[in-house]
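2 protein chains.
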Amino acid sequence: MCELLGMSAKLPTDICFSFSGLISRSGQTGPHRDGWGITFYDGKGCRIFKDSSPGYESVVAGLVKTYSIKSHVVISHIRRANRGKVCLENTHPFIRELWGRYWTFAHNGQLKGIKKDLKKWKESFGFGHQPVGTTDSEAAFCYLLNRLNKEFGKEPRNKNKLWEYVANFCHDLSKKGVFNILLSNGVHLFSYCSKNLYWITRKAPFGSATLKDADISIDFAEKTVAEDVVTVIASNPLTTDEKWDKLQPNTGILFHHGDIINRYESRERSVAS
Amino acid sequence: MCELLGMSAKLPTDICFSFSGLISRSGQTGPHRDGWGITFYDGKGCRIFKDSSPGYESVVAGLVKTYSIKSHVVISHIRRANRGKVCLENTHPFIRELWGRYWTFAHNGQLKGIKKDLKKWKESFGFGHQPVGTTDSEAAFCYLLNRLNKEFGKEPRNKNKLWEYVANFCHDLSKKGVFNILLSNGVHLFSYCSKNLYWITRKAPFGSATLKDADISIDFAEKTVAEDVVTVIASNPLTTDEKWDKLQPNTGILFHHGDIINRYESRERSVAS
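Protein chains in written order, with this note's numbering: chain A, 39 to 311; chain X, 39 to 311.
Please note that the accuracy of each hint is not assured.
Same chains, same names: a pair is fine if it fits in one copy or spans any two.
EDC-like cross-link-like pairs, simulated, lysine to aspartate or glutamate; straight-line CA separation at most 16 Å [unchecked claim]:
| id | residue 1 | residue 2 |
| --- | --- | --- |
| 1 | LYS108 | ASP89 |
| 2 | LYS48 | GLU265 |
| 3 | LYS160 | GLU193 |
| 4 | LYS192 | GLU161 |
| 5 | LYS103 | ASP52 |
| 6 | LYS233 | ASP210 |
| 7 | LYS233 | GLU303 |
Bear in mind the hints are in silico, worked out from the structure with no lab data behind them.
Let the sequences and hints guide you as you build the complete structure.
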């Protein structure tokens, strides 16, 4: 299995503290030694850092832990390989362009039959995104983007319709296995929990926090301004002295600038059949 | 204008020396302060580092200068903005997936009318890659990939046909302005020179070299093995004591594992009309 880390923030915020906790689990305090990656959005562009080696030993991860890169949306992942060999092309997050935006996806879990679904789809509709690596995760991501493009053609003005479609797709895919994901187009951060995801929103009055996996504490009051709203999502809580909320199984949740703007708890209609 | 740097190597090789020279031109010895980027291929995957700030001052570029990342194919770019504002999404190299491979593109020059060409193409054929930023360079890249996909549908077995098509596309686009480019799918490195590109192949017996833009010398004999073959391509020679070859204007050249495997000097047929 793998672990996910996501952030949605009202004002550009760095993730050095949370990433320091997560990356310790990539070979030191956790078994997720098979690669790590992180995407930081900056306007419509993004920065991606990744490695197929343990994050705990990675020189590049060392930079990401200490160098403050501020962003509204961040998605990170540490990998313990189950499907697909250990190599850079199988390292999350995955990224593709759709409708003139970069979409980023990271997945925790395993899916049965998703590669066949993507193959069938391509046979029916031809052109579309294809996986570069061999993970079921990247196949699911390409399948989702291809279906989105077929459904909407271009970015829909009604964002609720877009994310409702994504949520229903996730409801359907979660029947094929475990499908905990983080997905973003640089504006919104969408998370789907089929089994195991936690989140916390930090806003004024800010307190302090201590990491579970590294001897690091932080006083957010010193690092933030009153307007800050920062939500962090993780496969397992990263701190010992804060209350993290557990997402309900089979629930999608949409964040924008640190706030929850929608939840998708029931399945309105099938999109993956 | 901008500057390009590319590498094709028989054995995985780092580019710390050449990149140290290039990046000095991004704000110190040269005016290319408006962003920098580099892509390293590793199997079918790749690592991308980029910034919209001057490379000379960039903490991330500082890491890339000193941290040995070995690769068969590298593409790098430093930007002096002419079309498109200074921001991360306008920073080269650009990357897209086609036929299950990541394609990387960097451009030096300006093109007239390429955004209209891409718009027309999309109106006629619908789905395809779209620019995220506002540069004519990214539009040209998306246009090329869309045309390749329409022409071949999937990766052609006959690689000569593929690269001949690319070369003819470049011949046609070079009529719209200056079109010096580096393009790779992770296997081959293709370079098109409409005006200004230099290259050098280093192989045994290896000598030493000194950078033009930084007080750094290297003895390649100490860093290499006899089998190494490394070709470096740059907008302007990076060293003072080696002989660089100038590419002929309106010529495409295809490298694999450090060797030239084809040249495209004449225009067989129009593909961009």
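Could you figure out if LYS233 and ASP210 sit no more than 16 Å apart (CA to CA) within one copy, between two copies, both or neither?
-> Only inside one copy: LYS233 and ASP210 sit 14 Å apart there, 54 Å across copies, limit 16 Å.
Is it within, between, both, or neither for LYS103 and ASP52, if the alpha carbons may be no more than 16 Å apart?
-> within (10 Å within a copy, 24 Å between copies)
At 16 Å max between alpha carbons, let me know whether LYS233 reaches GLU303 within a copy, between copies, both or neither.
-> Within one copy only: 13 Å inside, 58 Å across.
State whether the alpha carbon distance between LYS108 and ASP89 is at most 16 Å within one copy, between copies, both, or neither.
-> between (21 Å within a copy, 13 Å between copies)
What label fits LYS192 with GLU161 when the C-alpha limit is 16 Å: within, between, both, or neither?
-> The answer is between: 13 Å across copies meets 16 Å, while 22 Å in one copy does not.
When no copy is specified for LYS48 and GLU265, does a C-alpha distance of 16 Å or less occur within a copy, between copies, both, or neither?
-> Within. Shortest intra-copy distance 8 Å satisfies the 16 Å Cα cut-off; inter-copy 54 Å does not.
Indicate which option fits the pair LYS160, GLU193 if close means a Cα-Cα distance not exceeding 16 Å: within, between, both or neither.
-> Close across copies (15 Å), not inside one copy (21 Å); limit 16 Å.
Of the numbered hints stated above, none is contradicted by the structure.
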